[in-house]
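> Sequence:
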Amino acid sequence: MRMGWLLLSFLIVATGTSARAASDREVLLEGVKSIAAPGSPGPLCVFGEHAFAVVTGSVKEKRVEPVVAAAHWGEGRVVAFGHDGYFGAEALAKDDTGKLLLNAVRWSSGRAAPSDVRVATSDKGLAAFLQKSGLKVAHFDVNKLSECDVLCLHVNALAPEAARAAVTAFVKKGGGLLVGGLGWGWLQLNPGKTLADDNPGNRTLADAGIVWADGSLSRTNETGFDATIAPPELCNASKALQLLLDMKEKNLKPIGHEIAQATWSLTQAARSLPPDEPVLLPRLKQLEKELAGGAVPTPEKPLKTRTDALARLVLTLQLEEMKKLPLEKLSAHPAAAAFPGGVPADAPRVERTLSIETRIPRWHSTGLYAAPGELINITLPESAAGKSLRVRIGAHTDSIAHLDSWSRCPEISRQWPLTAIKTPAGNVFGGLIYIEIPANCKLGAIDVCIGNAIEAPRFVLGKTTLEAWRMQVRKHPAPWAELQTSKVILTVKSDYVRELDDPEALMKFWDQVMDACAELAGIPAERPSPERYVTDVQISAGYMHSGYPIMAPLSITKAMIDTQWMQTKDEPTWGFFHEMGHNHQVGAWTFEGTGEVTCNLFSRFVLEKVSGVPVAKQRIQGAEAMQALRQHLAGGAKFDEWKAKPFLALIMYDQLQKAFGWETYKKVLAGYNDPANGAQPANDGEKRDQWMVRFSRACGKNLGPFFQAWGVPTSEKARAAIAELPAWMPEDFPAK
1 MRMGWLLLSF LIVATGTSAR AASDREVLLE GVKSIAAPGS PGPLCVFGEH AFAVVTGSVK
61 EKRVEPVVAA AHWGEGRVVA FGHDGYFGAE ALAKDDTGKL LLNAVRWSSG RAAPSDVRVA
121 TSDKGLAAFL QKSGLKVAHF DVNKLSECDV LCLHVNALAP EAARAAVTAF VKKGGGLLVG
181 GLGWGWLQLN PGKTLADDNP GNRTLADAGI VWADGSLSRT NETGFDATIA PPELCNASKA
241 LQLLLDMKEK NLKPIGHEIA QATWSLTQAA RSLPPDEPVL LPRLKQLEKE LAGGAVPTPE
301 KPLKTRTDAL ARLVLTLQLE EMKKLPLEKL SAHPAAAAFP GGVPADAPRV ERTLSIETRI
361 PRWHSTGLYA APGELINITL PESAAGKSLR VRIGAHTDSI AHLDSWSRCP EISRQWPLTA
421 IKTPAGNVFG GLIYIEIPAN CKLGAIDVCI GNAIEAPRFV LGKTTLEAWR MQVRKHPAPW
481 AELQTSKVIL TVKSDYVREL DDPEALMKFW DQVMDACAEL AGIPAERPSP ERYVTDVQIS
541 AGYMHSGYPI MAPLSITKAM IDTQWMQTKD EPTWGFFHEM GHNHQVGAWT FEGTGEVTCN
601 LFSRFVLEKV SGVPVAKQRI QGAEAMQALR QHLAGGAKFD EWKAKPFLAL IMYDQLQKAF
661 GWETYKKVLA GYNDPANGAQ PANDGEKRDQ WMVRFSRACG KNLGPFFQAW GVPTSEKARA
721 AIAELPAWMP EDFPAK
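In my numbering, the protein residues as written are 1 to 736.
Some hints here could point you the wrong way.
Once the Cα atoms are required to be at most 25 Å apart in a straight line, the calculated SDA-like pairs of lysine to any residue come out as [unchecked claim]:
hint, residue 1, residue 2
1, K717, Q680
2, K558, G341
3, K442, I356
4, K442, R352
5, K329, D404
6, K475, A345
7, K658, A616
8, K717, A670
9, K558, R474
It should be emphasised that the hints constitute simulated quantities derived from the structure, not laboratory data. Note that the coordinates shown come from a computational prediction; the quantities given were computed from them, not determined experimentally.
Starting from the given sequences, assemble the full structure and let the hints guide the process.
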């Protein structure tokens, strides 16, 4: 692979450090070609002069991050892992993971022969593995570190300040340390805390030039991570910073992938470094002072990795600092005016008391908006304080930090726990205000008072009258609006609804969509909580994507709120129903290769049942479908091809629908919800088998030959289970 000459230039300057890192990595990876990926490993950030990546995983857009990193720390050495599962028996037995761990013990001890190395750990499974490997193992005791050569710890063992201090002193005097942790997992278990400020691993190893970051890593081979791939030097955030500074000061132009890697390494470090980190963080803050005015992304002038790398870095630093500001020091971010938008200067602030039914989980819309940089006040009953309720400001939860172009700030939604009767909250970007209710909340209906807010257009089917909507509600000054039923909520820019005269008809249509999805999925029409669609100037993936909320581009808002369009047009309504189909997918009947297929059953069904577009007149039908099928058969009906082409696979599902109707589909899908129909499939092969067997029994036909003709693998046992049924093939199925 070609290396940019600029990158090469600063590698020459750091020849000594790089050479030692390469030598150390060679020792650590002796006999190691591949390591496991326990669970969903997360990334590490490397930024110290004597720190280096050992093994990397993939992130989006061809970037990599360390999953294993190491450093010389004082007189000692440390190896960090991006998941504490690397100390578990399953991971240690897979590929060369156990060999890597033993190499790490040997390297961190500084001894050529590990047989006399004394290791301390509190992990019984790891202790057994180490003892079986011939090492001397003791239970970790922070008061007996002098009796050890190497410590093997989980990040949480460093939580007590005394433990951090003792371990730091131990390593700096020549000891070895292996630490396993998981950034995103720690954040989930510690709501309201940050990796930078609170994670004990980051507070300890920042001095060594290694910290844990948020996010997950994709595998680089089938079983885990390929250890033979040399990590790029720009995995080190300090080297990445030097590259970007050379670009600015010398007007040099490295290769695009180098810029992308450097920017990503620095961005992750900026989010993860403790506030008192003394080496890299001061350099970043000085850069922030110099370039702050240019860090304002807009749709017209997005910040791009290739041309605006430093501005993106500065913006990341600003956002991290704003999260930590005392609420009384908040002010509007300059980018808020472009998105999600400012509020009119004369918009009145109001106080409203709302009844929140806590039996309904997830977000509760309030019809209120927080102005950018202004504080709102939330008052709860005493009985609700500290019961895991939260307030959220901003519906736009999609992080676009990984994208190469930012049309808005990458993260603009914030939330706070409601731990007291009175809670202030604010967001530098502003946003719609929500009260978040945890699952299984037992508080019943409670009154929540929200003060210093701005009213937003909000239509609630069955509660808001058309007269009130037309005369007053749609004119409320907040820049974002919501159209709501008990089953679905649409979040759109207020400009789009100012002229909307009949939201009642629109939302009745959307209720029909949701009822049709429930009907096909075999679930009750009345839902535990409504699904949500949120429009955004830029989303994290795809044209639209599923989730809570489903995210869609601003450009399709007009279609979303146009009843006639939704009832007569195939585009973009297919996409709306496709993403809602994802939200209704069940893993038991969605095997590998059908993730983008079974969701389209809902597109088909809703278009036919609600919009009146027969399946025969929808996309990929008739001669087009037959041609695709003939090509598939002529190519040998390969399952890998079937899995790779969602609309090809959908033809198979369409043939079943044409022959046996939607009623059979509904019967089959509902059957998965009934425990009386047997155990759920345990693996992908069982999913295929059960789908064939359940559908065969529902339609009274043996579908074994049909599955074989398509090339979809099923077991001999499953085919034998339906052998008594009459064999079936579509009448127009072409010969191979």
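> Evaluate each hint against the coordinates.
Going through the hints against the structure:
no., hint, in the structure
1, K717 x Q680, "holds, 17 Å"
2, K558 x G341, "holds, 19 Å"
3, K442 x I356, "holds, 12 Å"
4, K442 x R352, "holds, 23 Å"
5, K329 x D404, "violated, 31 Å"
6, K475 x A345, "holds, 15 Å"
7, K658 x A616, "holds, 9 Å"
8, K717 x A670, "holds, 24 Å"
9, K558 x R474, "holds, 16 Å"
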